[in-house]
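Each chain, letter by letter, is given below.
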Amino acid sequence: KQEVTQIPAALSVPEGENLVLNCSFTDSAIYNLQWFRQDPGKGLTSLLLIQSSQREQTSGRLNASLDKSSGRSTLYIAASQPGDSATYLCAVPKSGNTPLVFGKGTRLSVIA
Amino acid sequence: DAGVIQSPRHEVTEMGQEVTLRCKPISGHDYLFWYRQTMMRGLELLIYFNNNVPIDDSGMPEDRFSAKMPNASFSTLKIQPSEPRDSAVYFCASSGQATQDTEAFFGQGTRLTVV
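So the sequences go chain by chain: G and S.
Mapping to our numbering: the first sequence position 67 is 67, numbers consecutive.
Mapping to our numbering: the second sequence position 89 is 1089, numbers consecutive.
No wet-lab data here; the hints were simulated from the structure.
The reader is advised that the hints may include incorrect statements.
Ranges between beta-carbon positions, derived for each pair [unchecked claim]:
hint	chain 1	residue 1	chain 2	residue 2	range
1	G	109	S	1040	13 to 23 Å
2	G	46	S	1010	16 to 26 Å
3	S	1018	G	109	37 to 47 Å
4	S	1012	G	53	40 to 50 Å
5	S	1012	G	55	39 to 49 Å
6	S	1081	G	17	43 to 53 Å
7	G	17	S	1066	45 to 55 Å
8	S	1052	G	46	17 to 27 Å
9	S	1018	G	79	48 to 58 Å
Pairs of lysine-lysine residues, derived as DSS-like cross-links and limited to a Cα-Cα distance of at most 27 Å, are as follows [to be verified]:
hint	chain 1	residue 1	chain 2	residue 2
10	G	1	G	104
11	S	1078	S	1068
12	G	42	S	1068
13	G	104	S	1024
14	S	1024	G	42
15	G	104	S	1078
16	S	1078	G	42
All C-beta atoms, glycine included, are put in the ideal place defined by N, C-alpha and C.
Take the sequences, apply the hints, and build the full model.
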């Protein structure tokens, strides 16, 4: 059974700091990995998707890496801003379109 | 496309009442997923459909929960009778054919409160 763990559960940083969010999964036979952002009271917004054959993906100030063999992914946020404050979730399907299994997220607060 | 559309956004109901949540997936998507989010358990899959056919409903907590997808553009999740412990945010998501770059897209959710 696939289990996804995210550490830390919460993180508070001053504006401008670079930060790393961690995600680990127990079954490395994944198809891809997605990082989502969730603002309070809102739905999930897809940030990045890394295919199983890729090592990383970048979008603006966000960079996500994937190490399948060790069952880990990281989301790097450069030059954090107060607008980055949200909960960040990672999720993996076991294969194809089997449903995503989610971690419980990291709640990020960026203090101005 | 307007994305995945869920209704209502908020629902407050009394214990014992029937509740129906609605979802319109993104046009052309073959997969539809229903999730429930609580503080304690995070996001949990309830059921998912492929081409309108239920594939896995093992996450449906009890017989009080049922889901249908009568056509490619509409799905419902029904709770009858509702109980206070059903209070949560219910999300619907959809995705296209399975490839490595297939993303899942989520609706804004329905916040259900059962009093």
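How the hints compare with the structure:
Taken as a hint, the range 13 to 23 Å holds for the pair residue 109 of chain G and residue 1040 of chain S, whose Cβ atoms sit roughly 21 Å apart. Take residue 46 of chain G and residue 1010 of chain S: their Cβ atoms lie about 24 Å apart, and the range 16 to 26 Å holds. About 39 Å separates the C-beta atoms of residue 1018 of chain S and residue 109 of chain G, a value consistent with the hinted range of 37 to 47 Å. A hinted range of 40 to 50 Å holds for the C-beta pair residue 1012 of chain S and residue 53 of chain G, which are about 47 Å apart.
Between residue 1012 of chain S and residue 55 of chain G the Cβ separation comes to about 47 Å, which falls inside the hinted range of 39 to 49 Å. For residue 1081 of chain S and residue 17 of chain G, the hinted distance range of 43 to 53 Å is satisfied, since their beta carbons lie about 50 Å from each other. Between residue 17 of chain G and residue 1066 of chain S, the C-beta spacing of about 48 Å keeps the proposed range 45 to 55 Å intact. A C-beta distance of roughly 24 Å is found between residue 1052 of chain S and residue 46 of chain G, which places it inside the suggested range of 17 to 27 Å.
One distance hint, 48 to 58 Å for the beta-carbon pair residue 1018 of chain S and residue 79 of chain G, holds here, with the actual separation near 50 Å. At roughly 16 Å between alpha-carbon atoms, residue 1 of chain G and residue 104 of chain G fall within 27 Å of each other, so this suggested pair holds. For the hint pairing residue 1078 of chain S with residue 1068 of chain S, the CA-to-CA distance comes to about 9 Å; that is within 27 Å, so the pair holds. Of the supplied pair hints, the one linking residue 42 of chain G and residue 1068 of chain S holds, its CA atoms being roughly 24 Å apart against a limit of 27 Å.
Proximity of residue 104 of chain G to residue 1024 of chain S is assessed by CA-CA distance (about 26 Å); at most 27 Å being required, the pair is judged to hold. Straight-line distance between C-alpha atoms of residue 1024 of chain S and residue 42 of chain G comes to about 17 Å, which keeps the hinted pair within the 27 Å bound. Restraint check for residue 104 of chain G and residue 1078 of chain S: satisfied, since their Cα atoms lie roughly 25 Å apart, inside the 27 Å limit. Straight-line distance between C-alpha atoms of residue 1078 of chain S and residue 42 of chain G comes to about 22 Å, which keeps the hinted pair within the 27 Å bound.
In summary, the structure agrees with every hint in the numbered list given earlier.
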